[in-house]
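Below are the chains, spelled out letter by letter.
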Amino acid sequence: MARLNTTCPYCGVGCGVSAQVENDQVIAVSGDRDHPANAGRLCVKGTTLAETLVPRGRLLYPTHRGRREDWDAALALVAGELQRVRQQYGPDAIGFYLSGQLLTEDYYVANKLAKGFLGTANVDTNSRLCMSSAVAAYKRAFGADLVPCSYRDLESCQLLVLVGSNAAWTHPVTYQRIVESKKRNPAKRIVVIDPRRTATCDIADLHLQILPGSDGFLFAGLLNHLVTNGLVDRDYVHACTEGLEAALAAVEDIDQASVAASTGLAAADLAQFYQWFGETEQTVTCYSQGVNQSATGTDKCSAIINCHLATGRLAREGMGPFSITGQPNAMGGREVGGLADQLAAHMNFTPDNIERTGRFWQARDMATGPGLKAVDMFRAAADGKIRFLWIMATNPAVSLPDTALVRRALERCEFVVLSDCSAATDTAAYADLLLPAAGWGEKDGTVTNSERCISRQRRLVTPAGEARPDWWIVSEVAARLGYGEQFSYQGAHEIFAEHARLSAFENGGCRDFDIGALAGLCRSEYDDLPPTVWPVPAGGPPQRPFADGRFYTPGGRARFVPVVPSLPQSPGQAGTAAPPEPLLLNTGRLRDQWHTMTRTGVVPRLMRHRDYFAISLNPLDARSANLAEHELVEVSNAQGSVRGLALLDEDVPAGQVFSPIHWSDQFSGQACVSGLIPAITDPVSGQPQSKYARVSLHRVPTCSWGALFSREKPALPPLLYWSTIAVAGGYLTLLASALEALALRDPLLASLAAPGLRRLEYLDTAAGDVRDLGMHGDQLQYALFLNTDRAALPARDWLAGLGAELGPAAAEGGSCSALLAGVDPAAADVGRLVCTCWEVGEKQVAAAIGAGADSLESLGASLRCGTQCGSCIPELKRCLQLHHKDAAA
Amino acid sequence: MPERLVIVGAGMATAYLLQALAANAAGLDITVIGEEEQACYNRVLLSGLLAGEHREQDLHMLQQDPPAAPATFLTGTRVCSIDRQSRTLATACGRRLAYDQLVIATGASVDRPQLAGTRLPGVRQLRDIDDARQLRAIAGNGGNAVIVGGGLLGLEAAYGLRLLGFATTVVHRRPYLMNRQLDPEGARLLQARLEAMGIEFQLGTSLASLQARQQRLAGVQLDSGASIPCELLLFATGITPNAGLAAQAGLAVKRGVMVDEQMHTSDPRVSALGECSQFGEHCFGLVAPIREQARVLARRLSAQPGPAFRLVDSSTQLKISGIDIYSAGDFDGSGEQLVLRDAAAGIYRRLVLRERRLVGAVLVGDKRGGTWYSELIRNGTDISELRPGLMFGRDISNSLQQAARAA
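Chains as they are written, first to last, in my numbering: chain H, 1 to 889; chain F, 1 to 407.
Only chain F is shown next, with the shape it has when bound in the complex:
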């Protein structure tokens, strides 16, 4: 009799898990339960959907290629409790499912500040396909939109809204954009590119209050004293893991559901991965480590345990067409700096070396080589011989190295 595997949550982590299980799903009977009507789509592309650069079907992740393990999907279904004793769970519609193995992949929610009015009509988020649909539906009349948060998600959303015709302003608490992924110079260049698209910025300031008119959002007031009229306000200041269900079930939870290096929770029959999970002090928001979690977990579930999950620095890319951003590693501290500037083309690239190793990369306007840099950072490769061409990507660096050896 096959083992019953139930996965709670039908987001990207689940999609990656099913893909990772594709080759070894023979002994498994998989059921996926998701709250949304759509299951397993690529949330990363929502801003592109908003911007009209992608169609909904472009987002689906369980197509022919890559193959995924077969599963029964219960969509539009919320799990309200887990009974670990009886190894069952209950859905909001009263259904009860038994499991041999349970995976929690419930994702995360958008943070909202502790301010009055954050539930006013006009205050929205961009978290799922439905959000994107609604935002697209209200577009067309123009109007003013404010995005709070100048990180990856905020800027991608701002770009989408700008393309939909909104006069868009990004409010960011830090003095420069994407402060976790960029340095000030790279951020200024990015800002200039976005400004050229018509997006406006208020930096180094936070939201002080929301202003309403006729029970609807009418504007925001900033710390700096500025006020911006707007009919649409989007929060992109961060996410919080959806760990409530696990906590309720008595699993170990801090910010997220605690997992070990094989994705076990505190219950050996319950695993967790994705944005809802926490590994040591680390919660997840980027795709690459979640994919790795999925691989580790899939091997364990199919009884072929492999290498343990290891936390590595992940790279970040911005998905705004025409603006290449890539960042990886550590570039705040000391080290030898390699810098390339092509101001007219909006290109700025900085690599940071420490003790003959690449430790950080910030690429703005031209992200070629990004993947390679991540690999070099991850592997701690000695780059002494690659150094003259390092900035220019793997091919050029290799050919320079070969030329140097030949000479």
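Pulled out of the complex, with its shape left as it was, chain H reads as follows:
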């Protein structure tokens, strides 16, 4: 047995993970106590990492249009198509769409091939969707993409402003650090700015529930407030910045009254926030997708940075504008230049950088200017301008806005290569060639987290099937194109060393990203590399960046950027006569899911906090649509529609609906919410406005509901709704149909009721109650329950247990017909899982509270809930409050 340290592949916190490996299998994972990001903590997604290393859903060998291919032929095919398209249509007909899931080394090699040898800068990444507005704003202000904060600042600050960040769910470990710091320092204030009341509001001293997209007004008004009230640090502004006057001119009309009107905030709340910001020196403003994913995201980030520059709260302990990213290696990708508007190693497309990099790479065909950013790249493919696309480790058919456009692009594109771990994704359905990539635990390299800390992701087990590291795949293609010499890497360590050398190459302190000190690492030093925060130039680690007041702008001063805030626009608002859709759609992440669920979707435990695709809406809007909880709701606009279960949620303001982003065609019938999002992007950063669309909603009448357990993902007939989750030993599907139960049964079972199966059925057609089981020997193959009433279907926990070797009832008495009852009289239904770590359900929590538990401590003592990762604590507190409210009523 071996214990190996590696890094979590989920969010941008970049926690260290300690894995126990035995017989080429990861037996268990725990938080790495020595990692600076998490000091031993893990969230529930990290805790279940070992459960993602399963064969279920893996792509195991190269597949060319449905046929298995050997690696040599597959690589030759890619090289051949690249060459053909390049010769026929020129280098700009080639596009690479990469991912923040790639390791820095993979990213480096792909970027080098495209920009140095194929002559195209059409290299963009799903990080474009995540933090490109923050990057653009940093570059405008600092002249460099340098995040000037660390997680420690979040702990040591006296005022923390969280903007557009539901950290409790999206960055749980960082959130726990914040919670603990507030516990240690009760004087610390936390302000959460979010249109929704999220779990993060649990620790907020002040929640500013602004109108969607109005953040720009809030910070423009704040700058005005700071200047008007003499709270500007004149010395700092004078010594280290430029452009305050112009920035101020842009906001001089934005007083508190106009901010209140634009944001929908109460004047007192606004005044409170401005007062706190004004009086608190140690202030960190931490922002995430809620700010970035906007048509004015860059300006919003600039508005935030302006306030920090004006007060000189930067580059000191507990201060700064802090962008936290969504992906494990968003920053690593930027370091190598893996965005269309970057060249490499934080160098842009200037002639000297192009020349320098070309010389370093011994390049054959350097790209000479920025390429197409994500949305534009797919638009170009839809227009027939991009004819070859190589997509790595991402699922644009689900995650990019206007997915119909993306799918048209994938369809039209002459050759689509997809390197991925998953066999079945919405994007894979459009790929000509699927290449099996090594996934987390199989690949070897580095990632950089949100606080600029480079950590090793280490190979723990042998890759599944014929999966290979992405850098190997790209290098092999490069070799087949005739660039073998420049891509002759023997391992990730050689790539990292080259990347480090380039960062230092003719740098001399003029570029922020310099890790020259790591350029000489030998293989074993690389293998042992401890978490390292950049910059680390060869001369030794410098002081905290910007602490000397010097920036990477031409004049060395930080720049204020004039920001004229505006509210989001939707297509149709301008120019057409049609009345606007009545509601606003907001999108976001769930606590236990990740991206398009290709990884988390295979872990049964992670499907227990939220299971089936559901859309949250305010009870008032539900009432006007005549919708009850858990009925079927359709949310639509001119661009598309999604259908989900209606969740009535007071935390979503009236007039808004909230949908999680995770669902794809693999997991639900019509749940790809990006399809409703218009492909509007920020003009500077190119980041799409993924959290804003105008929509309408209506109740979808159903005739019958169904719950289906199956061993494999079922092939389903047309339905009003379906949503499939992984459970032990199989899948569970909730479905709804306009057909009567009996008429629905046979089409549903068409692919399941194989000949030779033992069939059991129960029919109460008068009540619309139809149940059907298929057994193979003792083993249940499928179980279908149909009912007019969804509430009459068997409990989810019972259904989720059907995949065990023997059904719970089959074991007793030899009769399986009791399975048709849909209940195990012996097993208690714990309800929806609140604490995923200790598998504590809401019914257990309610029972414990009923039995006298009146605090988190007592709940933890009796049920252990909330004592592991702590991400359920907000919900536990809610349960406690609710109970007290009931008791008081």
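Hints listed in this document are in silico derivations from the structure and should not be mistaken for laboratory results. Every residue, glycine too, gets a C-beta built ideally from N, C-alpha and C. Careful: at least some of the hints might be erroneous.
To be verified - Here are the simulated distance ranges between beta carbons:
hint, chain 1, residue 1, chain 2, residue 2, range
1, H, P718, F, E195, 38 to 46 angstroms
2, F, Q214, H, P755, 30 to 38 angstroms
3, F, Q402, H, P755, 36 to 44 angstroms
4, H, A804, F, Q402, 38 to 46 angstroms
5, F, Q337, H, A846, 37 to 45 angstroms
6, F, D382, H, P747, 32 to 40 angstroms
7, H, A846, F, A23, 29 to 37 angstroms
8, H, P718, F, R173, 50 to 58 angstroms
9, F, E385, H, P582, 36 to 44 angstroms
10, F, R173, H, P755, 31 to 39 angstroms
Claimed, not checked - Computed from the model, here is a short list of chain F residues facing chain H with C-beta under 7 angstroms:
hint, residue
11, L340
12, D342
13, I347
Please build the complex by placing chain F on the supplied structure of chain H, with the hints as guidance.
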């Protein structure tokens, strides 16, 4: 001086009566007169005795548990007349007994069709322990047996004979077996199970004639034209109450001895119960109502009259090991149907609902919940809330109901 209670007949009804009297027999001097040598055994288990699944002692009903009232038994004794004037009765051996209270529990006899040859050697019945003994004695050589009647008794007998090694064929007049207790689908499933045991069936046909060779049964000819060679023929087409003695005594008798709801016959000092009795238009063949008769009568005889006898639908069970059959109530007519099928396991269950009440149940292959269904039918319980789990028995139904209430 204790009251003299004389019971004519020593069958199951008498056994139940003695059990019901156990606690209140102090003032009674009980005498039981039975024609058979064995008294008070469980006739229902005869097919099991035949099949070798039970021993004779397993059939005895008056053991320690449950306790029974003490009685003097005159076995192997036939009562030939009753003199109601003098309140005495006479036995075939010339003995005379006086009574204060008389109970007639003379049982019933197996019907035989009006065909020539039904007294031939080889034509038998399975009605008492002696029949079972004789049938067991002639077994072992194999041979062919035909049972006429595909009802409860016929099938149980066929099963016993099959286990004894006979090539067994059941002839049944109706198109499906147990037509009074099952529906066609349930019956087909039952038939398949019995066929798997090697029993053969001729359905929708009756016996046309018996064929003899050397004064012995040699075969039967059927309506359908088929003929089946056989050395053994068993009738199980029904029973007739043994009401002759009562009729002779001038008591009111139709098919059986007429009784009222306290088991009085037309003479207040004479009671009747069991298969010999008739209540309204109803004669009895199943155990449950006879037990109830015994309870009612026992309370009256011990001067503690209780609730009157009420006729309720009785359930039926088939006692063939490995085949569960249960049926209760009405399942012929209209109503909402709940059906469970597990063909591979030979399970078919059907429940019939009318106006939120369970009115009928047919259970083949899995009779769990049967008793509960009978109760629900009897009590006319509103099953709306139980409905989702009704098919799966009381425990599951209750837990589903609780879950639904909790939700």
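Now the hints, each set against the structure:
At roughly 43 angstroms, the beta-carbon separation of P718/H and E195/F lies within the given 38 to 46 angstroms, and the hint holds. In this structure, Q214/F and P755/H break the distance hint of 30 to 38 angstroms, their C-beta atoms being roughly 55 angstroms apart. Taken as a hint, the range 36 to 44 angstroms holds for the pair Q402/F and P755/H, whose Cβ atoms sit roughly 39 angstroms apart. Against the hinted window of 38 to 46 angstroms, the Cβ-Cβ separation of A804/H and Q402/F comes to about 24 angstroms, which falls outside the hint.
At about 39 angstroms, the CB distance of Q337/F to A846/H agrees with the hint of 37 to 45 angstroms. Take D382/F and P747/H: their Cβ atoms lie about 35 angstroms apart, and the range 32 to 40 angstroms holds. The given range of 29 to 37 angstroms is broken by A846/H and A23/F, whose C-beta atoms sit roughly 50 angstroms from each other. Separated by about 51 angstroms at the C-beta atoms, P718/H and R173/F satisfy the suggested range of 50 to 58 angstroms.
The supplied range of 36 to 44 angstroms is met by E385/F and P582/H, whose beta-carbon atoms lie about 41 angstroms from each other. The hint said 31 to 39 angstroms for the Cβ distance between R173/F and P755/H, and at roughly 38 angstroms that hint holds. The interface hint given for L340/F holds, since its Cβ lies 5 angstroms from the closest Cβ of chain H, which is under the 7 angstroms cut-off. Hint on D342/F holds. Least Cβ distance to chain H is approximately 4 angstroms, under the 7 angstroms limit.
Interface restraint check for I347/F: the shortest CB-CB distance to chain H comes to about 6 angstroms, inside 7 angstroms, so the restraint holds.
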